[in-house]
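J.: Sequence:
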Amino acid sequence: FLARVYEASRVMPDVLSGEREAEYAYAAATNGVGGLIDIGGASMQLVTADFRRSYPIGCVRGRDIALTATGCRDCDDDFPRQREAIGAHIDGLTAGPGALPVNGTMLPAIGVGGTITTLGALAQGLNVYDKSRVHGRELTRTKLEELIAVLRALGANRRNHPLLRVRHDVILYGAAILAKAMDLNGIEKLTVSTRDGIEGYLEAAKARAAAEN
1014 FLARVYEASR VMPDVLSGER EAEYAYAAAT NGVGGLIDIG GASMQLVTAD FRRSYPIGCV
1074 RGRDIALTAT GCRDCDDDFP RQREAIGAHI DGLTAGPGAL PVNGTMLPAI GVGGTITTLG
1134 ALAQGLNVYD KSRVHGRELT RTKLEELIAV LRALGANRRN HPLLRVRHDV ILYGAAILAK
1194 AMDLNGIEKL TVSTRDGIEG YLEAAKARAA AEN
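So that you can map any letter, position 24 of the sequence shown is 1037 in our numbering, and since no number is skipped, the others follow by simple counting.
Treat the hints with care, as some may be off.
To be verified - Mimicking DSS-like on lysine-lysine, the simulated pairs with C-alpha atoms at most 25 Å apart in a straight line are:
no.: 1; residue 1: Lys1144; residue 2: Lys1156
no.: 2; residue 1: Lys1219; residue 2: Lys1156
no.: 3; residue 1: Lys1202; residue 2: Lys1144
no.: 4; residue 1: Lys1202; residue 2: Lys1156
Note that these hints are calculated values from the structure, not bench results.
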């Protein structure tokens, strides 16, 4: 695949590890203080100034893990049991010394990635995504639990919500992962950021180019 991309564009793609992606997201979304949670489809990153780790669980992989562990059909089939399975899986990923940031270093917390920005938009009552109304807004742990209840109550109607047409079958898993991450790190609220690894990567590339010139 990389060879085909290079052949077509004469640009060799830079394949980022989860840790490098997390580093760029942290640079873009924070001022170097506190911590960052980034939840994607296949992974979650936790980052502070002195800690960066990628965990192999995101909203899509979380769905697969939960369904496999419980034998459920989808997120509307005994979600509390599926949520317990996700929590237990994350407990396994974060067991042992050094598997989580030092207590308190994730505060203040910033959240990035599609799961968190979508939840941030839902928390604002939006039907159409508006970056200006999502970036910099606060999402509390209490509000997150309320959103989980609302999303569960919607059932199959989630797919009809304009913000959930693509994520209707995975948003609950992403929300459960976020809730667990907040609980593990003592986070009662986070600030949603629409700046993530893309902006961080571009800013780093610009800095390298300027230094070379």
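J.: Indicate, hint by hint, whether the structure satisfies it.
T.: Results for each hint:
{"no.": "1", "hint": "Lys1144 to Lys1156", "verdict": "holds, 19 Å"}
{"no.": "2", "hint": "Lys1219 to Lys1156", "verdict": "violated, 38 Å"}
{"no.": "3", "hint": "Lys1202 to Lys1144", "verdict": "holds, 19 Å"}
{"no.": "4", "hint": "Lys1202 to Lys1156", "verdict": "holds, 9 Å"}
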